[in-house]
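Whenever a hint applies, use it, and build me the whole structure from the sequences.
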Amino acid sequence: MLTRRHLLATAVAAPAILRVGTGTAQAATTLKISHQFPGGTIDKGDFRDRLCRMFAAEIAKRSNGDIAAEIYPNSSLIKTNAQFSAMRKGALDISLYPMPYAGGEVPETNIGLMPGLVTTYDQGLRWKKEPVGKALTDFLADKGIILLTWVWQAGGVASRSKPIVAPEDAKGLKVRGGSREMDMVLQTAGASVLSVPSNEIYAAMQTGACDAGITSSTSLISFRLEEVAKSLTSGAGASYWFMLEPLMMSKAIFDKLPKNHQDILLAVGTELEAFGRKGAQDDDVEVAKVYEKAGAKVSALDAATVGKWRDIARDTAWKDYAAKTATAANLLKLANDVAA
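Under mature numbering (1 follows the signal peptide of the UniProt record, and there is no 0), the letters of the sequence shown match residues -27 to -1, 1 to 313, in that order.
Calculated pairs, SDA-like style, for lysine to any residue (alpha carbon to alpha carbon, straight line, at most 25 Å): (1) 270 / 175; (2) 5 / 31; (3) 34 / 231; (4) 306 / 276; (5) 251 / 272; (6) 116 / 80; (7) 17 / 197; (8) 306 / 94; (9) 144 / 280; (10) 102 / 237; (11) 62 / 41; (12) 281 / 292; (13) 101 / 243; (14) 144 / 169; (15) 62 / 229; (16) 297 / 59; (17) 281 / 96; (18) 203 / 180; (19) 107 / 239; (20) 292 / 280; (21) 266 / 255; (22) 147 / 54; (23) 281 / 301; (24) 262 / 172; (25) 5 / 43; (26) 281 / 293; (27) 107 / 287; (28) 229 / 58; (29) 306 / 211; (30) 17 / 255; (31) 297 / 77; (32) 229 / 240; (33) 292 / 165; (34) 251 / 95; (35) 101 / 234; (36) 34 / 228; (37) 101 / 235; (38) 62 / 108; (39) 251 / 237.
Think of the hints as simulated: they come from the structure by calculation, not from any bench.
Quick look at the structure:
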């Protein structure tokens, strides 16, 4: 029987391409969907890959095959950090992409991983219907990006040595945080930082270039970090690390589609948000089991500890972000208006 781990290992070794569609060679549209995560099947594997495959299958079904899709996992089509820019230029159609990875190009996107700002799934998912969601959606559209599916993920810490629970635990360690703002918090806590995408954390920890990596529960599992970690801090009960990893699309490509195809993409994207939330929360629970089985020490966060990280973030990362641009300051203000 194939397990999730077997499927992920196979996908890493041999990136799969899936074409979904029932139309003929005359099909109006074939969309390329890229992401950095291990590939699997529509039923098994990393839920982010599954979400892309479900999206592809459903848009093909609803369009009677007029929309086809090809899935490229493992950054096999375009390197991880280049995907956002490629979408903006119309060189890539769709990606399930960690939003703050685009922070070097568009600093405002770092709102998608602002330590301590989002502390629950309910809070993050409310953004879409609140003023902050409209402001972010409009801003990204102006930059050439359409949000199709809002996906938030809580995160934890895999460490090669001692657990990193409270800020003081990070002192003297080399830690991957996931965004410029998270890095600022870690540096204030006394850590040095390493900036790599989540699919490169394993190699960095294996070689000793990185002592610990903070990433989503799903990535903590899918990238097999328990093989190079002795400690896990789980974000299942509480977390200061919530990342927005939406399914996003090139506006240049979206705008070329007929209205009925646009409506299908938006409708299917919205309907998959419940699947995204469940997948993330299921992995918040599963990650502790995976690490315990591997012999790692598992620690938990509580509200008081999350508050310590938030206090540092408010005095450093939040202020720095708000000073970047007027748009950034407005996004932060509106996000703070969404209560936990």
